[in-house]
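Visitor: Sequence:
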Amino acid sequence: MLQILRSLGPAVAQVPATEALRAGAGALIALGLTGLFLLSPGVNLDLGLYLVAPFGASSVLLFAVPNSPLAQPWSAIVGNTVAAVVGVAVCMVVADPAFRIALAVALAITATILCRAVHPPAGAVAMTAAMSPEQIEHLGFWFALTPIAAGTAILVVLATIYARLTGRRYPFRQFTDPGTHRTSDRNPSERLGLSKGELTDILERYSQSFNLGVEDLARLIGAAELQAATHTISPMRADDIMSRDLITVNPDTELGEVADLFRRHRFTSIPVVGPDSRFLGIIFQMHLITRAREDALRLDRGFRAAFRRLLDPARGTPVRAGDIMTVVGPRATVDTPIGALLPMMAEGDVDAVPVVNYARLAGIVTRTDLVAALARHAIRPQADAVPAAPG
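Going by numbering that gives the first Met the number 0, the sequence shown wraps up at 390, each residue one higher than the last.
No wet-lab data here; the hints were simulated from the structure. There's no promise every hint is true.
Unchecked claim - Just the calculated beta-carbon pair ranges, DEER-fashion: (1) L20 x D259: 42 to 52 Å; (2) R163 x Q284: 44 to 54 Å; (3) R359 x A313: 32 to 42 Å; (4) G255 x A19: 26 to 36 Å; (5) V156 x E203: 44 to 54 Å.
Positions of the beta carbon are idealized from the N, C-alpha and C atoms, including for glycine.
Put together the whole structure using the sequences plus the hints.
Guide: Below, the structure written as structure tokens:
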């Protein structure tokens, strides 16, 4: 009995309230803008430009689960449109209401699967057409174009824009997308030795093609392998391998001095601290290059000239460390196991993780520190396994 009750509970993992608000706000904006377009006073309603209930269901997929294959542009636009065509056709040839509705939904499911455009709201689109014979008699197959295809396309465009603005990815990643460094090499955690065909076969074998994309499967497998690797690593903590004698700057340090520190010490990152060594952020060399590139484009000048201007202490308003530091990167505590540091630096976005102790900077773990620790861990078991020489 307890097992039955558990099976009736939530199947979806708990998500942060901010993510729920993000999805809800996206649907609000998208449906509002779509409604303004479709229901504007200057639009002739005789053309079928109006909102339909299935758009609400499409919004759930587009904004709440944008990584789902069922939410992708092809599935949404083609799925809804094909279902509308099927619904209109059935409505024209079947008189009995109950049979008409059931047949429209059944054929819509079949047609969207064959078109590789499964989109759950498409069933509601077909049902809407089958339940509205008078409206369909007036609009005919125009119903598939407006409001269905037009409205769905607007929602997809707005979902794409909203995802970019809120730090999400829609449409979902493709297996052939460039890696982090914009090269043909895949990200390190996704180099599984499995081809796209093999990953697709896994999805089909376990009937998961409608739930997960090939690229997302590769990312999950890579993340799982990385997490499993952390279980075999020695129990060393960040405190055991971090650098402690740090070169730091404060938010008011001019970029010319920051650049000199990078050159003098051969660092790739410099922490930014406030009073009492309070950690405020970190500057990577790439931040200097990115800022100079942005200035070059904005001021329409060469990169070298923009870089010299960026570091010039005599400029009217010197750029300071606080202007370019990042505050959103990963960080660790002195008790963080080194296994937990692996995913923080695996993708190459950062090559150093600050270690804080009660908001104060205690040290920093670089990728070099981590590689050295892993190398020592790999060598020691082998040394332990070598039998002692006979006396």
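Visitor: Taking the hints in turn, state whether each one holds.
Guide: Structure-based check of each hint:
1. For L20 and D259, the hinted distance range of 42 to 52 Å is satisfied, since their beta carbons lie about 44 Å from each other.
2. For R163 paired with Q284, a C-beta distance near 26 Å fails the hint of 44 to 54 Å.
3. At roughly 35 Å, the beta carbons of R359 and A313 sit within the given window of 32 to 42 Å.
4. G255 and A19 have their C-beta atoms about 45 Å apart, which leaves the hinted 26 to 36 Å range violated.
5. Checked against the hint of 44 to 54 Å, the C-beta distance between V156 and E203 comes to roughly 31 Å, which is inconsistent with it.
When the structure is compared with the earlier hints, violations turn up for hints 2, 4, 5 and for no others.
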